Amino acid sequence: MNTANKSNIEVRDLEHALLESIPIPVIAVDKDFKILFINPAGCEWHKKELKEVIGKKCYEVLEAKCCSVSKCGIKRAMDSGKKYAGHYEIPCQRETINVEITAVPLKDEDGNIVGGLEYITDITNRVKLENDLRVQTRTILELATPVIKIWDGVLLLPLVGAIDTARAQQIIENLLNSIVENEAELAILDLTGVPVVDTAVARHIIKAVNAAKMLGAKTILTGFSPEVSQTLVTLGIDLSNITTCGSLKTGISKAFGIMGKKVVSCER
Amino acid sequence: MNKKIPIKTESDLLFARQTAKETMKELGFGSADQTRMATAISELARNVLKYAGEGSCSICEEQDEREMGIKVVVEDNGPGIGDIEQAMEDGFTTRNGLGAGLPGARRLVNNFDIASEPGYTKITLEIKRARK
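Respectively, the protein sequence lines represent chains A and B.
Numbering of the first sequence is given in numbering that gives the first Met the number 0, commencing with residue 0 and proceeding in unit increments.
Numbering of the second sequence is given in numbering that gives the first Met the number 0, commencing with residue 0 and proceeding in unit increments.
Calculated directly from the structure, the hints in this document are not laboratory data.
None of the values given here were measured: they were computed from a predicted structure.
Certain hints may be false.
Which bits of chain B does chain A cover? Going by a derived footprint, with three or more residues having C-beta under 8 Å, they are [what the hints assert, rightly or not]: (1) 62-69; (2) 107-113.
For each label pair, taking beta carbons as the anchor points, the in silico distance ranges come out as [what the hints assert, rightly or not]: (3) GLU66(B) - TYR87(A): 41 to 47 Å; (4) THR92(B) - MET258(A): 34 to 40 Å; (5) ARG106(B) - ASN209(A): 21 to 27 Å; (6) SER246(A) - THR92(B): 29 to 35 Å; (7) GLU53(B) - LYS30(A): 35 to 41 Å.
Ideal Cβ positions, reconstructed from N, Cα and C, are used throughout, including at glycine.
Using the sequences provided together with the hints, build the complete structure.
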């Protein structure tokens, strides 16, 4: 045996060793779904011994729930000739396991598809985290727009944080529903906690104010920081039709003024 | 330092303007300048989401002994702006906006440059201040 051949064999051994030690399940089948290769991680995943499965049809021995013909990732990859990646939910005894299966077609030297290879990534944790995140986002959305009744017919909505389309929608809904529920004449939208007011946010606020007006309620905007007011003027946004106040305090006393009430000191 | 932030969702937009604000704070810009830049980025990134679907926002520091500066480049591969002059006019909008976004953003920053062709739009924003 000459040296060139020898090194070739070493390279093949190395490749094989690498494939064997990849910690994610890898499995390869031929066109008839006969298992050509499965690495130790794959055996462990499917809870099978190598000798029980090699050379057998994958759907007969592996009993994976995603093995129905239409959903098989390898079949899709072989049919299309392209890489296929899909998300599968596999019901187990206690919980559902979420996996991502990536499959590629195997081709011979002439480019004919002769089989398929897939690897399985357990994404259960990721899916769980994503779900948690979604729940939290919803919680924050609901928490972030409280409506406080500060006097008969006077509502206060303190807005805190960045306003995106979803939150703006929520704010408008909360505002209008509370106006109707409380038969409110005045609503104070406090923007102290909003760091950036751009044209999109301004548009949402103007919409909210106009909708409230239709329900017979007047809206006072309070809590503009010097930076925000300067930016709004530079942007060319016209809020002159809307009653605005610098601080929440002046906004509240203005509201009382409109209601024909005033705060007086009394003897302690 | 140069940061490139992909703009795909509204939360990316929030992240981009937050990053710009933090960068400017570190450089020594005041809160008025930070708000101006954050608002301008907000306008442009919203346009990216609205018209192109996705794009990117690059933030880089530009400073020497005399000046501190920040340069922000917002790029996308959307349909492009047909008539830039018209788009820069106050009150012009193709999709139900206030029509203040682009011209407003231009007024918020010191330097504003816009280049657009079908399939590529690049807008450069710059705020510079002399060091105290």
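Going through the hints against the structure:
1. With a cut-off of 8 Å between beta carbons, the stretch 62-69 of chain B has 0 residues touching chain A; three or more are needed, and the interface restraint is violated.
2. Coverage of the stretch 107-113 of chain B by chain A is violated [criterion: at least 3 residues with CB-CB distance below 8 Å; count 1].
3. For GLU66(B) and TYR87(A), the hinted distance range of 41 to 47 Å is not satisfied, since their beta carbons lie about 56 Å from each other.
4. At about 38 Å, the CB distance of THR92(B) to MET258(A) agrees with the hint of 34 to 40 Å.
5. Take ARG106(B) and ASN209(A): their Cβ atoms lie about 26 Å apart, and the range 21 to 27 Å holds.
6. Taken as a hint, the range 29 to 35 Å holds for the pair SER246(A) and THR92(B), whose Cβ atoms sit roughly 33 Å apart.
7. A hinted range of 35 to 41 Å for the beta carbons of GLU53(B) and LYS30(A) is consistent with their spacing of about 39 Å.
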